[in-house]
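Asker: Hints in hand, dock the two standalone chains.
So the sequences go chain by chain: A and B.
One rule links them: number in my numbering = place in the first sequence (from 1) + 1151.
One rule links them: number in my numbering = place in the second sequence (from 1) + 115.
Quick caveat, the hints were computed from the structure, so don't treat them as lab data.
Just to be clear, a hint being listed does not mean it is correct.
What the hints assert, rightly or not - Restricting the straight-line Cα-Cα distance to at most 25 Å, the calculated cross-link-like pairs of lysine to any residue (SDA-like) are:
#1 B:Lys153 to B:Lys210
#2 B:Lys153 to A:Tyr1270
#3 B:Lys210 to A:Ser1359
Only a predicted model underlies this, so the values are computations on that prediction, with no experimental measurement involved.
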Amino acid sequence: MNQSDIAGALPAPLGQRCSTAFFRLVGTPLGAVATIVVVAVTTLALLAPLIAPYDPVGISLDQKLLPPSLHHLMGTDQAGRDVFSRVLWGGRISLSISVLAAAIGVFCGVVLGVLAGFYGGSLLDHLIMRFMDFLASIPLLVWAIAMVGAIGVGPVNLGVVSIGNEGKIILLVGFLYTPSIARVAYGAALVEAQADYVRARRVQGAGSLTLMFDEILPNCLSPLIVQATIYISIGIVVEASLSFVGLGVQPPTASWGAMLSDAFNYVLSGEWWLPFFPGLAISISVIGINLLGDALRDLLDPRGQAGRVIV
Amino acid sequence: MHCATFLTRAVRPGASSYDTMNRHLLDVEQLRVGFAIKGRTLEIIRGISFHLGHQEAIGLVGESGSGKSLTASAIIQLVSFPGRILGGRIHFEGKDLVPLPRKEVNRIRGAEISMVFQDPSTSLNPVFSIGTQLMDVIRAHQGVGRDAAVEIAVGILESVGIAHAKARLRSYPHELSGGMRQRIIIGMAVACRPKLLILDEPTSALDVTVQAQVVKLIRRLQDEQGFSILLITHNLDLAADICDRVIVMYAGEIVEDAPVQSLFAAPRHPYTRALLDCVPRLATVARGFDSIPGQPPAAGARIVGCAFAERCSLAFERCRHERPQPRQVDRYHRAACLLSANNLVVAGDAAGA
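Chain B extracted, bound-state conformation (with noise of 0.2 Å):
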């Protein structure tokens, strides 16, 4: 039922199913992750689908716990014991990662799927210059001698707007500062060209000029080099400035992928509408900070009907029996609410906010 909802969403008129699989660079699908804990296996990513096309930019946005991380780690097969991949498919280029073996998937790694972490202070090896780890990086996956990486590194260096790019080789990684850093990690980053990157909360760590500047050059890089984007953030601003489309997740769940244009005009979950009215706005400032109320439901536990529903001011009788799926309310907009299958629009103040 899932899958054929995925399927109709990809499926533009003209183009038989075997076409689509091919034409996205990433189709994740009914992706399960669990931890098994005491025996017992804590399903934490609870059969997610989507895809991420060729140059797109995408992000991942929900709470702390809601997997969006994890989803991350998943595709990069990073998910590590006791934490597992339960089941689903992430086909990347048309080829499954998840049986891949360990040497074919750190081949990918790095040079076909990279990813930029959080904290800019501590993703760079204290003892290394920063010389060093890049062309640790460029002879691993491009094959070339020394010099010919020091002049790619100069040039990675230059094009993330290092100044004095040849004295700042020699640098280590606590001779500069945090924007720096994270430049460079992110120069590092696609320093092989890959054709993904997964930005882990790129900017968290940084101060807010220090952020304008880095979603700049993610941008200008992406012009440059057109791969496509996963950014994974709780910031839904950030993913307004940096994707094209953004994708909501609660509880392990997607609960609605939309055009950033859309999502934000027209959000049709009542989750991504509350998430919205929490973003705090000059104009609403001094009334406080709005948030949701309610806990999100713990790692792991039974599930019956919709996630939302104990925390949904909209929630009625159907909801907490349900499970509702994913359906798509117009071409690019899909939303797994009880609610948008009647067409009814969650949609208030946010809109144009």
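Extracted from the complex, chain A is given alone in its bound form (with noise of 0.2 Å):
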């Protein structure tokens, strides 16, 4: 045997295993769809400071909610602020915040649930699982509430670390979110460990976290894809209701919940454009995230790929 021979029978290493991936992703139109929509919502929230044609928070009041318009693309607002800025701005803010907030808890959710659903019906099972029920069985605007109440508006200064208004809100919905994703992946996990080819990994010689994290845990990914895109979406919403009770992004920084809630007083008077562009840009993304999640789940279960099997 040759040495291409021996690569050809290679399952291919991970990182070109992760590239070919991404050209499957793209190559079926709903993942097309989703890709350009998510790299484009992207990139244009990175690339703010530099397409954005005025300050977000540049207040001129003899400017106030002006229509659309050559010079304002998305009208300005109530202190004649740029909305097409403020809209490129508050990208930056909630889809950093909802999608850190989305990875803590999936993180956070993973590891408890897998590990309760491992050890099935023992008592680390029962404590991790009884303590995530209490967790979930306070609403997060009560947390919220209590949170600020203890801590205060405003950064927290851990010695070396300060946690901002941003950071807190990534904390807490991260936490908050942790329970419900624990309980997607306990339920697999407690189906999967009961599975032969556990038992037969075992036998092979391996050990409870690889059983957990290598063997149990990519069968399980397929709800999980789902539940954290829908997370993620779910966070821009969340982030807007919490800048309400005064944890999340405070005024005159721009977001696109923050936006929304303050266009509520405009729906009736005529300013279409203030809830309009916040909103589409929350509709766009959360459409292409969740079109991702579906495409990536469908791509990543080798079960699912028509066209491979082998007679």
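Answerer: Put into structure tokens, the structure is as follows:
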């Protein structure tokens, strides 16, 4: 067997597998649309300082409530700030908060859920899952108000680290996502832990950590990916409601959620552009992220791949 | 008493008992396994002793619930909560596996003791390719690089008769047939040249023609590699096909332990005899299937006397209060029946069937 034969037989190395996965992703219509939308939204948000025509917090009262025009593509708000610039800058805040919060929630939820599911029925399982029930039993806004009451608005200094408003909201939302992600991971892991392939790997000498995170977790990914993308979407809206009780982004900083709640007063008086553009930004991002989640789920599950069956 | 019989069975003229301990690959002594449920301990395996020589193949045969699979789990240290090894020793190459730390157990598993499960459709992880899974095992135990591992993996697939082995490494389990999967699983199990291969009903989930292929494969691999086999099955014919010796279990005890020939020709325990009578033969199928009347005792039930007495057509008064100890009926044949002590052969028409 020569070297190239060997290379052809290898399950491709991880880097290579990811790049082929990327091409397979953009190769499907759904995946292509989703990727384009997500990449576009992310790029616009990242490039906000370069492409935003105005200062997002620059007040000019003589320009207030102007409808969309060539000078102000999306009009101006009640303080004369350019809505287009605020949408671009607000995307940075909204997207980073929702993605990071979902990431924290998924990480903690997966670790706890898989652990509890793997040791299903044991004391550890009960401790973890009852704690999750406890967290989930108190509504988000109650947690938020309690947190504001306990530590106040504004940055918190923990020695060397200072956690700003955005940091607090990310931690709180991530923390509150944990129970529901854990529950999804738990349900899947509980089933998978009993599977023969887990026993088979165990008798091949694999340790418990390997079994949990290398064998069981990949089989639980489908529902988790869907759940994670839904939570990214929800995060954008949650951030808005938390801003309202004083935990989120404080005015004049722009975020999509905050812009939307400000625009609430102008829906009936005819300034449609105030709620429309941030709302559109939220809708496009949410749809893009959800589609991407669906496409990823289909892609990562080898059982769903048509045309690869070997007779 | 029991232990003493075991030693008599093992000792050959001129061999000291110390040598005996080392000669067998696996020595199970007075193994007891149970489940702790609601503060009570149900003893499922009730003190069994047997041994397995190098390159020997033995079959562990019995009804569902007789404890044969649990015995295998105990050997590979897979008894998990609420199950527990209550007592006894499992010597593998002279080393007791029971008190061994987890790390050491993980090293032995896969490398020195391997196991194949019943259902090939669930024994492979569905989200990884065959190659990934094979190479995980190879690299975990042999410490070779990627390229070397690929060559070994291709060699393994070829040795178990998988065509286009290289291309198959990229296949996922659901893309293969049940027979192919089971052959790959067996290949994976012997990948690291284990000394003991435990087969738990390896052919039950396969259709008959594929069963024959798998049996042939197991025998060929054993000839090539010289591992020992512990086969768990309820199928006496399968045991006769693969094994040199058969151990019959009933209600967590060993009732008979004999070379295949002698077991089939002259069973010494009424239960073995009844089992052999239940194997359907073309000649007898017309009059329907035989079965053993009654039920085995419930798991963990307190058993006084012989566990089989309730269902045994030859049972007499002593059977109900005296627990029969395993006795040598000849040099290689052991049975736990009061009748065997009196050298009453319970063989009948099963002989030569």
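Asker: Given the hinted pair B:Lys153 and A:Tyr1270, is their Cα-Cα distance within 25 Å?
Answerer: Distance of about 19 Å is within 25 Å: holds.
Asker: Does A:Ser1359 sit within 25 Å of B:Lys210, going by the straight-line distance between their CA atoms?
Answerer: 24 Å, holds
Asker: Is the Cα-Cα distance between B:Lys153 and B:Lys210 25 Å or less?
Answerer: 33 Å, violated
Against the hints set out earlier in the document, a violation occurs for number 1 only.
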